[in-house]
Every structure is written in C-alpha cells, then in structure tokens.
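Per the working numbering, the sequence shown runs over residues 1 to 253.
Hints listed in this document are in silico derivations from the structure and should not be mistaken for laboratory results. This structure is a prediction, so every number in the text was calculated from the model and none was measured. Even for Gly, the Cβ is constructed at its ideal location relative to N, Cα and C. A portion of the hints provided could be inaccurate.
[Claimed, not checked] Beta-carbon label-pair distances, calculated as ranges:
| no. | residue 1 | residue 2 | range |
| --- | --- | --- | --- |
| 1 | Trp207 | Glu146 | 27 to 33 Å |
| 2 | Lys232 | Glu156 | 37 to 43 Å |
| 3 | His115 | Asp6 | 41 to 47 Å |
| 4 | Gly199 | Ala138 | 40 to 46 Å |
| 5 | His32 | Ala55 | 36 to 42 Å |
| 6 | Glu4 | Trp72 | 15 to 21 Å |
[Unchecked claim] Here are the computed lysine to any residue pairs in the SDA-like style, where the Cα-Cα straight-line distance is at most 25 Å:
| no. | residue 1 | residue 2 |
| --- | --- | --- |
| 7 | Lys232 | Ala219 |
| 8 | Lys202 | Asn184 |
| 9 | Lys202 | Pro228 |
| 10 | Lys103 | Val71 |
| 11 | Lys46 | Ala204 |
| 12 | Lys46 | Gly31 |
| 13 | Lys202 | Leu234 |
| 14 | Lys103 | Leu76 |
| 15 | Lys202 | Ala119 |
| 16 | Lys46 | Leu76 |
| 17 | Lys232 | Glu251 |
| 18 | Lys46 | Ala98 |
| 19 | Lys46 | Asn184 |
| 20 | Lys202 | Asn13 |
| 21 | Lys103 | Asp88 |
| 22 | Lys232 | Gly127 |
| 23 | Lys46 | Thr157 |
| 24 | Lys46 | Leu242 |
| 25 | Lys46 | Leu62 |
| 26 | Lys202 | Trp217 |
| 27 | Lys103 | Thr157 |
| 28 | Lys202 | Asp6 |
| 29 | Lys103 | Asn184 |
| 30 | Lys232 | Ala131 |
| 31 | Lys46 | Asp6 |
| 32 | Lys202 | Arg75 |
| 33 | Lys202 | Leu76 |
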Amino acid sequence: MYFEFDGRRVAVNIPDRTGLETEIRARLAAGHGFALATINLDHIVKLAADPRFLAAYQAQDLVVADGRPIVWMSRLARRPVELMPGSDMVLPLCRLAAESGVKVALVGSTEAALHDAEAALIAAVPGLDIAWCQAPSAPFDPEGAEADQILHRLAETGVQLCFLALGAPRQEQLASRGRRMAPNVGFASVGAGLDFLGGHQKRAPAWVRSIAMEWLWRALSNPVRLLPRYGKCLAILPRQVLHAASLGRQERP
1 MYFEFDGRRV
11 AVNIPDRTGL
21 ETEIRARLAA
31 GHGFALATIN
41 LDHIVKLAAD
51 PRFLAAYQAQ
61 DLVVADGRPI
71 VWMSRLARRP
81 VELMPGSDMV
91 LPLCRLAAES
101 GVKVALVGST
111 EAALHDAEAA
121 LIAAVPGLDI
131 AWCQAPSAPF
141 DPEGAEADQI
151 LHRLAETGVQ
161 LCFLALGAPR
171 QEQLASRGRR
181 MAPNVGFASV
191 GAGLDFLGGH
201 QKRAPAWVRS
211 IAMEWLWRAL
221 SNPVRLLPRY
231 GKCLAILPRQ
241 VLHAASLGRQ
251 ERP
C-alpha cells in the first residue's frame, strides 16, 4: 500500500505485527538502527503540504498503518495491512528491547509525563533498561542545536531504541536526522504513546476503539484543536479512496 505526493511515494512496507517484531528483533540483535513511522490521515494531510515532512518520511526505514482508514483503503487496494497505532507499540517494543538486552531512551512530551511513563514501563517489562529520558524545550526544533545534542547523547550512551513523543512532523524529522547522526539507534515515533502510559492523556476506552470511533472520542475531548484537524482528514479521504480503488483494479488478474 502506498500514497503519492507529486510523484513521490510513501509506502506502508511492514504489513503486520509479526513482520514488524521480526524486523526490529533482527535489527536490535545486529546493532542496526532504524526509523519507524506510523502513517495516518493526519500525516497524509501534512505530507501533501510540507516537502520537508515528506523528505523525512521517505527516509523512514519502516512504515506501518496507524488508523482504520489506512487499513480499509489497503483492503480496497488489495494490499492489506494490519492496524498498528504507535501508542500500541510501546510495550511490545520495550519487551523486545528487554529480551535483546538493549538500552532504551524516552524523548519528548514533558518531564513529568516521561517520569511516569518510565515508571509504568519498568513495572510492566521486567529487565527493561531505560538509560535516559529527555523532555526537550518548547517549541522544539528538530533541525536545531538542541536536536543535535539529543542525537549526540543517544549515540554516546549506547542506546539502541529511542521512543520519540514529539508529534508529527517533529518526531519523524528528528528520526530522519538520527539515521545519519546516530546510525545504531532505532527511532520509534509514537506520538502520545508515552503520555497515555503515564496517565497524562486519557485514551478512548477499548469499546470505543473496537468500533473505530476513537477519532470522534478524541475530537469531542478537545474540539478546538482536533475538529479542524479531522475536518482536513475527511476532506482528503475521497481522493485517497479513489487512489486505493485504482490500485485494487491493478491487482486484479
């Protein structure tokens, strides 16, 4: 499954959780870094409008589907992928890190949220080694001097898995730079995943997520910020559905 922006593609190249865990386990064992992004409709809106974000996304090694519209369109395109929200991947990836004996870092959010997320992760994952937590200043510039300091620190401390909770596009842009400046580090962009773990943001109940209404729950919880965002997502949906249908016709024998 892929999306096009003026002839440039962003592909969902990891279709399911088994494939993701196999790939990351192998990279951790070999000491090879990576950048993991979770594409959703909001990202597609931003990718169409921001060339720098698009360049950063094209530098990601692993891209998974975050959002049911992406999953539904992949089925329409006859290239099905599994739903893998970034917030759902924090614990599984931490378990892989503990199993592999590698150090973990948490970057983003706030000091209080990172402290509480760290405590929750250590309690949930025996043997997990969280070597460093850093809440950058606001507003954070992923191209600035503070970003350089973070990437140098990650490389120096021997961290192999770093969760970025900076929001799009900052986290993906920092991960893209990290692939050059800290090539042995795996960067996983997880948005609000650490805030959810630490209890600093409340996620939609499981039953709301099961009926694909998490977006509405979130919009109603913060309408001033999120209703305009979801409005833009809905506006691009028809074109993306047509694109997926076109891909599906190409796949037919």
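Taking the hints in turn, this is what the structure says about them:
no.	hint	verdict
1	Trp207 - Glu146: 27 to 33 Å	41 Å, violated
2	Lys232 - Glu156: 37 to 43 Å	40 Å, holds
3	His115 - Asp6: 41 to 47 Å	43 Å, holds
4	Gly199 - Ala138: 40 to 46 Å	20 Å, violated
5	His32 - Ala55: 36 to 42 Å	22 Å, violated
6	Glu4 - Trp72: 15 to 21 Å	18 Å, holds
7	Lys232 - Ala219	13 Å, holds
8	Lys202 - Asn184	33 Å, violated
9	Lys202 - Pro228	20 Å, holds
10	Lys103 - Val71	32 Å, violated
11	Lys46 - Ala204	24 Å, holds
12	Lys46 - Gly31	32 Å, violated
13	Lys202 - Leu234	24 Å, holds
14	Lys103 - Leu76	40 Å, violated
15	Lys202 - Ala119	17 Å, holds
16	Lys46 - Leu76	23 Å, holds
17	Lys232 - Glu251	29 Å, violated
18	Lys46 - Ala98	34 Å, violated
19	Lys46 - Asn184	28 Å, violated
20	Lys202 - Asn13	30 Å, violated
21	Lys103 - Asp88	20 Å, holds
22	Lys232 - Gly127	43 Å, violated
23	Lys46 - Thr157	33 Å, violated
24	Lys46 - Leu242	19 Å, holds
25	Lys46 - Leu62	19 Å, holds
26	Lys202 - Trp217	10 Å, holds
27	Lys103 - Thr157	9 Å, holds
28	Lys202 - Asp6	37 Å, violated
29	Lys103 - Asn184	12 Å, holds
30	Lys232 - Ala131	39 Å, violated
31	Lys46 - Asp6	14 Å, holds
32	Lys202 - Arg75	30 Å, violated
33	Lys202 - Leu76	32 Å, violated
In this structure, the earlier hints numbered 1, 4, 5, 8, 10, 12, 14, 17, 18, 19, 20, 22, 23, 28, 30, 32, 33 are contradicted, and the remaining ones agree with it.
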